[in-house]
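Peer 1: Now for the letters of each chain:
2 protein chains.
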Amino acid sequence: MDLRKKLIVKPGSSLKLKDIDASFHGNYKSKEDAIKDLEKNRNSMGELQQKLYGEKKHALLIVLQGIDAAGKDGVCWHVMQSMNPQGTFVKGFKQPTEIEKRHDFLWRIHPFTPGLGQVIVFNRSHYEDVLVVRVHDLVPKEVWSKRYELINDFEKMLSSNNVTILKFFLYITPEEQLKRFRKRLDDPSRQWKISDADYKERAFWDEYTAAYEDMLNKCSTEQAPWYVIPSNHKWFRNVAISQIIADTLTDMHLQLPAPTVDIEEIRKLYHKAKQDKE
Amino acid sequence: MDLRKKLIVKPGSSLKLKDIDASFHGNYKSKEDAIKDLEKNRNSMGELQQKLYGEKKHALLIVLQGIDAAGKDGVCWHVMQSMNPQGTFVKGFKQPTEIEKRHDFLWRIHPFTPGLGQVIVFNRSHYEDVLVVRVHDLVPKEVWSKRYELINDFEKMLSSNNVTILKFFLYITPEEQLKRFRKRLDDPSRQWKISDADYKERAFWDEYTAAYEDMLNKCSTEQAPWYVIPSNHKWFRNVAISQIIADTLTDMHLQLPAPTVDIEEIRKLYHKAKQDKE
Chain A
1 MDLRKKLIVK
11 PGSSLKLKDI
21 DASFHGNYKS
31 KEDAIKDLEK
41 NRNSMGELQQ
51 KLYGEKKHAL
61 LIVLQGIDAA
71 GKDGVCWHVM
81 QSMNPQGTFV
91 KGFKQPTEIE
101 KRHDFLWRIH
111 PFTPGLGQVI
121 VFNRSHYEDV
131 LVVRVHDLVP
141 KEVWSKRYEL
151 INDFEKMLSS
161 NNVTILKFFL
171 YITPEEQLKR
181 FRKRLDDPSR
191 QWKISDADYK
201 ERAFWDEYTA
211 AYEDMLNKCS
221 TEQAPWYVIP
231 SNHKWFRNVA
241 ISQIIADTLT
251 DMHLQLPAPT
261 VDIEEIRKLY
271 HKAKQDKE
Chain G
1 MDLRKKLIVK
11 PGSSLKLKDI
21 DASFHGNYKS
31 KEDAIKDLEK
41 NRNSMGELQQ
51 KLYGEKKHAL
61 LIVLQGIDAA
71 GKDGVCWHVM
81 QSMNPQGTFV
91 KGFKQPTEIE
101 KRHDFLWRIH
111 PFTPGLGQVI
121 VFNRSHYEDV
131 LVVRVHDLVP
141 KEVWSKRYEL
151 INDFEKMLSS
161 NNVTILKFFL
171 YITPEEQLKR
181 FRKRLDDPSR
191 QWKISDADYK
201 ERAFWDEYTA
211 AYEDMLNKCS
221 TEQAPWYVIP
231 SNHKWFRNVA
241 ISQIIADTLT
251 DMHLQLPAPT
261 VDIEEIRKLY
271 HKAKQDKE
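In order, the protein sequence lines correspond to chains A and G. According to the numbering used here, the stretch in the first sequence is residues 1 to 278, in order. According to the numbering used here, the stretch in the second sequence is residues 1 to 278, in order.
Just so you know, not all the hints are guaranteed correct.
Copies of one chain are not kept apart here, so a pair can be met inside one copy or by any two copies together.
No more than 25 Å apart at the CA atoms, straight line, and that leaves these computed lysine to aspartate or glutamate pairs for DMTMM-like [unchecked claim]: (1) K56 <-> E100; (2) K156 <-> E100; (3) K156 <-> D37; (4) K18 <-> E201; (5) K57 <-> E149; (6) K10 <-> D153; (7) K183 <-> D21; (8) K268 <-> D187; (9) K183 <-> D19; (10) K156 <-> E128; (11) K156 <-> E55; (12) K156 <-> E142; (13) K268 <-> E175; (14) K101 <-> E55; (15) K56 <-> D137; (16) K56 <-> E142; (17) K156 <-> D214; (18) K51 <-> E98; (19) K156 <-> D137; (20) K94 <-> D137.
Rather than coming from a laboratory, the hints here were simulated on the basis of the structure. Here the structure is a predicted model, which means the values were calculated and not measured.
Take the sequences, apply the hints, and build the full model.
Peer 2: Written out as structure tokens, the structure reads:
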């Protein structure tokens, strides 16, 4: 199954999240099945990222969005650990500071976009400015409603610099979220992740759903598509994302640069030095 | 004379620089005439910038472009010194570094754009990426030719955050440039500003003219207009720019914020403390 084709939000869609099965798991019958492919994908990703790093002709920006407990941190960990930290990093975006608020909403984002040779993962992103900001009326509608177009312009500009953009929306049901919150409550090693806000935000589920749908429908473009990742099964979420990243990197036809020195010459010198020593 | 109306490049123009008189000096008969108005404008600019800084609802970005010796440094000095350095600064853009080159051309620009309450002057700017870069084929035409639209998108985004953008193209003739270069050669205190490149670039005058004309015609927009400043007379250049800045700030109807404390209460306390002491 070509998961890119299956999970992409086609530009100009009018997708409704209720039509999507958050428990979808493709052709995988079990977790064990999926983990084999995840391993394979992670190996490819590691190799391909090294080529991207060496070649310095492409960059990759991965954007993760999803409600609390949807698995953004899990993806950063399970999927991204295959890549060399040299040339890769995860940038999380929290509430903006007072200084950041005095600038346009992309001002704090732009400095962290990847240069050629880099892979950068945004754990939350500029999309918060049409999500939490919209749901809680943090700026007037007149302001946030213009941001979809401004975001598309911005991502077009990035892509004109050979930045490939992959955006993953991790989709879980409210029931699955509740199950995960309960697990956290019972797990002392994860209790630190619990905040009051998590539970309070559940009251805004419908408002978030509307905001997610607009984000997906208005901002899935040729150059920066959104993928909706059914994430009730963590193992499907991980294998799907790793597959899409690996396929995307493969399509770049990355090539390590040719050596800038004469390798044969150096080999001879090394050989000679070794003989002299002996 | 309303210099904004007179000197603006109307959006969608097809202006030719040869139709513009670089020695134009408006209604001013002499340098002395102009200097009186310059002083008046500088006072207004100083007062208005303090209001902008206090109010924090507007920002002002001033972009200066022009050929070598057109007077960009002169404007930074003579015009901008009226403003409080708290809340104002000049950012010059030189050749991009290796790291900067790996990013989109706006990546190094964005962090220096003004936040609400700030006035920032760009001495050269992102427009170099459609000027020197175009004239010297530093990137393929396919790349630079798309930048006009990307620049307009970017400036639209800034203006959506209440950043007012004023762009001044300082226009001098080749004869005036040569005269200024000669003066530099004879002035020991300015010889340090001379570089080989200055003279070499004169060979590309026509190519620069074509590039400037495209920049002016394609990127003068409602929200971020270009002004062509006839700059053969330094005194006209200075008074014209100061007038346009002062008029633009005036139109913002800036208001210092109301005090957040009860001034009368504090006055009473102070008065009482003084009496107790006596």
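Peer 1: Now tell me, hint by hint, if it's right for this structure.
Peer 2: Hints, verified against the model:
For the homomeric pair K56 and E100, the shortest alpha-carbon distance between copies (13 Å) is at most 25 Å, but the shortest distance inside one copy (30 Å) is not. With identical chains, the CA atoms of K156 and E100 are at most 25 Å apart both within one copy (23 Å) and between copies (18 Å). With identical chains, the CA atoms of K156 and D37 are never at most 25 Å apart, being 32 Å at best within one copy and 45 Å at best between copies. Taking CA atoms no more than 25 Å apart as the test, K18 paired with E201 passes inside one copy only; the shortest distance there is 19 Å, against 62 Å between copies.
Only between protomers do K57 and E149 lie at most 25 Å apart by alpha-carbon distance; the minimum there is 23 Å, versus 27 Å within a single protomer. Proximity of K10 to D153 under the C-alpha cut-off of 25 Å is found in both arrangements, the shortest distances being 18 Å within a copy and 24 Å between copies. Taking the shortest alpha-carbon separations for K183 and D21, only the intra-copy value of 23 Å comes in at or below 25 Å, while the best inter-copy value is 76 Å. Taking the shortest Cα distances, K268 and D187 never come within 25 Å of each other, neither inside one copy (61 Å) nor across copies (59 Å).
For the identical chains of this complex, K183 and D19 are neighbours neither inside a copy (27 Å) nor across copies (75 Å), given an alpha-carbon limit of 25 Å. In the homo-oligomer, the alpha carbons of K156 and E128 lie at most 25 Å apart both inside one protomer (19 Å) and across protomers (20 Å), since each shortest distance falls under that limit. In this assembly of identical chains, the alpha carbons of K156 and E55 lie at most 25 Å apart only when taken from the same copy (22 Å versus 34 Å across copies). For the homomeric pair K156 and E142, the shortest alpha-carbon distances inside one copy (23 Å) and between copies (15 Å) are both at most 25 Å.
Proximity of K268 to E175 under the C-alpha cut-off of 25 Å is found in neither arrangement, the shortest distances being 67 Å within a copy and 61 Å between copies. Only between protomers do K101 and E55 lie at most 25 Å apart by alpha-carbon distance; the minimum there is 14 Å, versus 37 Å within a single protomer. Taking identical chains as interchangeable, the C-alpha atoms of K56 and D137 lie at most 25 Å apart only when they sit on different chains, with a minimum of 20 Å there against 41 Å within one chain. With identical chains, the CA atoms of K56 and E142 are at most 25 Å apart between copies only, with a shortest distance of 20 Å across copies and 40 Å within one.
Both within a single protomer and between protomers do K156 and D214 lie at most 25 Å apart by alpha-carbon distance, with minima of 19 Å and 22 Å respectively. With identical chains, the CA atoms of K51 and E98 are at most 25 Å apart between copies only, with a shortest distance of 19 Å across copies and 40 Å within one. Taking the shortest alpha-carbon separations for K156 and D137, only the inter-copy value of 23 Å comes in at or below 25 Å, while the best intra-copy value is 27 Å. Proximity of K94 and D137 under a CA criterion of 25 Å is satisfied intra-copy only: 17 Å inside one chain copy versus 41 Å between copies.
Consistency with the previously given hints fails for numbers 3, 8, 9, 13, ordered from lowest to highest.
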